[in-house]
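Asker: So the chains spell out like this:
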Amino acid sequence: MNRLPLPALKYCSSGMLVRIQHPDPAWYPRLFGILTLLIVLWPMLVYSEFKPWILFEAQSLAASWHFLASFAPPAHSGEFLHLLLVATWQTVAVATAGLTLALLGAIPLTLLAAESLSVSQIETGRMRLAGRLVRQAARWLLILLRSVPELVWALLFVRIVGLGPTAGVLAIALTYSGMLGKVYAEILDSSESQSTQVLLKNGASRLAALFYGSLPEAAPELISYTTYRWECAIRGSVVMGFVGAGGLGQRMDESLKMLAGSEVASMLIIFVLLVGAADRVSTLLRSRLD
Amino acid sequence: MPLLLQGVSVRHGQAFALSDVSLTIEQGQQIALIGPSGAGKTTLLHTMACALRPGLGELTAFGLLPWSLSHAQRHKLRARFFLAPQTPPLPPRQRVVTAVLAGCLPQWSLTRALLSLFRPVEPDLAWEALSRFNLQDKLYARVDRLSGGERQRCGLARLLVSKALVFLVDEPLSALDPVLSLQTLSVLQQEAHERGATLICSLHQVELARCHFPRLIGLRCGQLVFDARSSEVTDQMIADLYRHEPAPAASLEVLQ
Chain G
0 MNRLPLPALK YCSSGMLVRI QHPDPAWYPR LFGILTLLIV LWPMLVYSEF KPWILFEAQS
60 LAASWHFLAS FAPPAHSGEF LHLLLVATWQ TVAVATAGLT LALLGAIPLT LLAAESLSVS
120 QIETGRMRLA GRLVRQAARW LLILLRSVPE LVWALLFVRI VGLGPTAGVL AIALTYSGML
180 GKVYAEILDS SESQSTQVLL KNGASRLAAL FYGSLPEAAP ELISYTTYRW ECAIRGSVVM
240 GFVGAGGLGQ RMDESLKMLA GSEVASMLII FVLLVGAADR VSTLLRSRLD
Chain Y
0 MPLLLQGVSV RHGQAFALSD VSLTIEQGQQ IALIGPSGAG KTTLLHTMAC ALRPGLGELT
60 AFGLLPWSLS HAQRHKLRAR FFLAPQTPPL PPRQRVVTAV LAGCLPQWSL TRALLSLFRP
120 VEPDLAWEAL SRFNLQDKLY ARVDRLSGGE RQRCGLARLL VSKALVFLVD EPLSALDPVL
180 SLQTLSVLQQ EAHERGATLI CSLHQVELAR CHFPRLIGLR CGQLVFDARS SEVTDQMIAD
240 LYRHEPAPAA SLEVLQ
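From first to last, the protein sequence lines are chains G and Y.
Heads up: the first sequence is residues 0 to 289, going by numbering that gives the first Met the number 0.
Heads up: the second sequence is residues 0 to 255, going by numbering that gives the first Met the number 0.
Simulated from the structure, these hints should not be mistaken for lab results.
Check the hints yourself; a few may be wrong.
[As the list claims (entries may be wrong)] Pair by pair, the computed Cβ-Cβ distance ranges are:
hint, chain 1, residue 1, chain 2, residue 2, range
1, Y, S36, G, F31, 46 to 56 Å
2, G, L16, Y, L181, 50 to 60 Å
3, Y, Q106, G, L155, 45 to 55 Å
4, G, R285, Y, S146, 42 to 52 Å
5, G, H21, Y, H203, 23 to 33 Å
6, G, P28, Y, V120, 49 to 59 Å
7, G, S223, Y, E231, 56 to 66 Å
8, G, S223, Y, V120, 28 to 38 Å
9, Y, A227, G, I142, 29 to 39 Å
10, Y, K162, G, L132, 33 to 43 Å
11, Y, H203, G, W41, 33 to 43 Å
[Said to hold, decoys possible] Simulated coverage check for chain G against chain Y, where a stretch passes if three residues somewhere in it have a Cβ under 8 Å from a Cβ of chain Y:
hint, segment
12, 166-178
13, 191-198
14, 211-221
The model shown is predicted, which means the values in this text are computed figures rather than measured ones.
Ideal placement from N, C-alpha and C gives every residue a C-beta, glycine not left out.
All chains, please: the whole structure from these sequences, using the hints.
Answerer: In C-alpha cells, the structure reads:
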C-alpha cells in the first residue's frame, strides 16, 4: 500500500490511510478535464505531422549550417545601415499607426462588449435582452475583425491601395482592433469590479463608473497588454513587408532571395533590439503606475 | 416622503436572503440595523438602494415605484441614495481626492468627470469632507497608502460630497477603534440631521446602536424580528436576536 489508490483517501501524519471527510467537490471534474485534454492533444500532434527528428538528419543539418555560417559577420556597411535605419523606422511607424487606429476601433467595442458595466446584471443577476443583444453583436464584430489574419488583409489592401506601408497600417488596424477589443473586455470583466459596481449602484453613469472604477483597477494589465500588442504589431508589419507592405520585411525578403546571410543577420539583430525596446517601454509605463 | 417596503423577499440562488420584510421609514429618521452575521442586513440595504430587485413584494421610494420605472429613470433615482459598503471598494492606485469626488459622479456631466481625472475640479469640497474625519492631510495621497480605518472613513467622506437624501451605510465602524467609532458616527448623524436625510446604518456594536439611534431594526435569518424604539428594546430581545446554534464538531474517521 504505497500508492494513493483513490483520490478521496490520504495519509495522515501517523502514516495511516484515512478517508477525507470533506473531499473537494472540484476534484473529479478537474481530473476528468486533464484526461480529456491529453486525449484531445495526442491526435493533434499526429495530424500536425509533428516530427522534430527531421531537424537532426544529416542533410538538414548541413543546409542549416551553410546558411547560418554566412551570417557572420553581420552586414555593416554605411550604405546598408542607412537603408536598414529607414526600413526600421518605416516598420515601427506602420506598427504604431496601425495600433493607434486599432485603439480607435477597439475602445468603443470594448465598452459594448464588457459585462462588468451592466446595471441590469447588478439588479437581478441577469442582463436585459437589449443589453445582451448589443453585447453579442459587439462580440461577433470583434470575432469577425480578428478572425482574418493581418497577412490576408494586407494582401487584400495591397491590391486596393497599391504596394507600400498604407496597406500594412490598415491591415494591422483591422485585425488588432478585434484582438484588443476582446482582451480589453475580458480584462475589465475579470479585474476587481466592486468599485465599479458601487459607483453604478450609487447612480453614476456607466462611462463615469468605467473611468473612476474599472480603469484604475485594470490599468497595469491594459498597459502591459497594449505594449505587448505593439510588439506583435512590429513583428506583424515585418511579415507583411514580405507581401509588399514596405519596411524591414520587404528588405528581408530581398536579402533572403539573394541568400545574403550577413544582411539577414543584421536585420535579426534589429528585431531583437526592437522587441527589447518594447519590453522596456512596458516596464517603464507600469512602474510609473506604482 | 417615506421609504416603504411591503412584503419584500429577496433570493440569493435557492436561499431567501430576505423574506417578507415590511417597513415604513419616514424621511429624516435615523435607524440602526442589527442582527447576527448573515441575517440579511446588507441585502436589505442594497434592496432599499434600488440596487437589488426584490423577488416578491414592493418597494416605494420618494413616492415612486422604482421597479416600475424605466431603466434610465430608476438609475436617476439611485442618485438620491448613498450606499456605503462595509469594505469601501476604492481602487488602490487612485488618489484620495479622486476617490472622494467620485461621490459627485451622479450629478457631474461626463466631461466634468473626465476633466476631474486630470485636475480635480473641486478639491476644496473633498478637503472639507475629509477634514470632518480628520483626514485632510491625505487629500493627495494614494488610496493604497491608507490604513484600513482611514480607507473606511475615506469611503464615508464620499458620502458627504454626494447629494443623496438617504444614507444606507453598511457597518461603517468595522475597522475603527472605539473613540474613532464615536466620532465617525456623530459626523454621519450630524450630516444626516443637517441635510434632513434618512440614515440607516447596519451595526455590530449593539450598545452603540441602542445609545445613539432612536429606532432599532432587528434582523435574523432574513426575517424582521423587531422594529422598535430603542427605549423599548430589552436585553432579552437582543439576546434572542444573537442566539447561536451550536456548531457541529469536525472529525476524521480512521479507515481499517
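Asker: Okay, which hints does this one fail, numbers in order?
Answerer: 1, 4, 9, 11 and 12
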